[in-house]
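Peer 1: Sequence:
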Amino acid sequence: MARGGRFPWRLRVEQRLVRPRWVSAVVPVLSIVLGFLTGALLIWLNGVNPVQAYVAMAKGAFGSKYAIGETLVKTIPLILAGLGVSLAFRMQLWNIGAEGQLHMGAIAAGGIALFLPQRFPGIPAWMWIIIILLAGFAAGALWALIPGILKAYMNVNEIITTLMLNYVAILWVDYVVNVPWKDPASLGFPLTAMFPKELWLPRTPGLFFLNPRHRVHLGLVFGVVAALLLYIFVTRSKWGFEVDVIGRNQKAARYAGMSIARNILIVMAISGGLAGVAGMAEVMGIIHRLQHQISPGYGYTAIIIAWLAKLHPLVLLVVAFLFGALLVAGDQLQITMGLPVAVSFILQGLILFFVLGGDILSYYTIRLERR
5 MARGGRFPWR LRVEQRLVRP RWVSAVVPVL SIVLGFLTGA LLIWLNGVNP
55 VQAYVAMAKG AFGSKYAIGE TLVKTIPLIL AGLGVSLAFR MQLWNIGAEG
105 QLHMGAIAAG GIALFLPQRF PGIPAWMWII IILLAGFAAG ALWALIPGIL
155 KAYMNVNEII TTLMLNYVAI LWVDYVVNVP WKDPASLGFP LTAMFPKELW
205 LPRTPGLFFL NPRHRVHLGL VFGVVAALLL YIFVTRSKWG FEVDVIGRNQ
255 KAARYAGMSI ARNILIVMAI SGGLAGVAGM AEVMGIIHRL QHQISPGYGY
305 TAIIIAWLAK LHPLVLLVVA FLFGALLVAG DQLQITMGLP VAVSFILQGL
355 ILFFVLGGDI LSYYTIRLER R
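Numbering-wise (our numbering), the sequence shown opens with residue 5 and increments by one.
No lab work stands behind these hints, which were simulated from the structure alone. Do not take every clue at face value.
The list that follows gives simulated cross-link-like pairs (lysine-lysine, DSSO-like), each with its CA atoms no further than 27 Å apart [stated by the list, open to error]: (1) Lys69 to Lys201; (2) Lys242 to Lys255; (3) Lys186 to Lys201; (4) Lys255 to Lys314; (5) Lys314 to Lys242.
Okay, the calculated beta carbon distance ranges per label pair [claimed, not checked]: (6) Phe212 to Phe245: 55 to 61 Å; (7) Arg266 to Leu326: 33 to 39 Å; (8) Gly192 to Lys255: 54 to 60 Å; (9) Leu41 to Pro128: 50 to 56 Å; (10) Ser190 to Ala256: 52 to 58 Å; (11) Ile236 to Leu326: 21 to 27 Å; (12) Gly301 to Tyr179: 16 to 22 Å; (13) Arg20 to Leu326: 25 to 31 Å; (14) Phe357 to Ser190: 37 to 43 Å; (15) Tyr179 to Trp13: 57 to 63 Å.
Please read these numbers as outputs of a predicted model, since none were measured by experiment. Glycine residues also receive a C-beta, built at the ideal position from the N, C-alpha and C atoms.
Whole structure, please, built from the sequences with the hints as guidance.
Peer 2: Written as structure tokens, this is what we have:
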């Protein structure tokens, strides 16, 4: 101990002038490894062998054709919501509202599927599917535009507004399934009637490596196409360049004549629209009705996925698949090991924690030096 009771060493934090290339690849991988190592300690404290638990998780997510199919089912909403979140984050817009936007897309899709086809019987089923897809996108986009407008014209913090609107949207779904749209034959459960079968999203063709009775639907195609289009727009278009510039330096963007407000509205609308399509795909492709808890938190998991993918649309496809596997594996842990399904969500949180910590270390150097 130095004179005066002061510690003789101190931490010095300095911003890196040049970020090493290897950091971008190593940090996400190391974050996942550290997340699972910390998770192993948690599993061990619950009296379960971590190695056996992780083997059970791997078998649950990849151990059979059925398991891989279920992993892809979970991947679909994660891709769509993750793409929306990553686009907003690219422009430094912190859209935490993908969960609410997902629910709004589900409400719009469900409302059309329940009530409109019987009023307009001449419209073919394939056209209704397109209408429902567009409605899901529009509902999510409009829901995201509320905080977008507040941000663009009044500089209201979008983290707070998007987060608060999540609860409104979730409660809205709870209201419609409990009161106006509740199925009289549901025996008191908060459910709507099943959607007409011809309006269900078709199964994705050509997946010969899956169980013939798999549940992977056309939403997977929507997600992959959206990722490819988003990649092209953000890397090869003038608009994508504007989004990057505004995200990095708003003053420079304004000096260059770029419209900050217009781009905020466009980005928030597309971001919310993609999350809305995720909700539409979930209710039209898997649940086939509206019900309480249509999402186990896909919109929040999308935030972790976007960060882990470094906001890259194509990398996000892989990360979403891995997190889809993590969700399926959580169910397997509950069945085979008696662990709560919350373990998989804790693992997600740990991975995000280490990703954010790794980002700090990749942009800053921390030195221990004498005073």
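Peer 1: Which numbered hints turn out to be false for this structure?
Peer 2: 6
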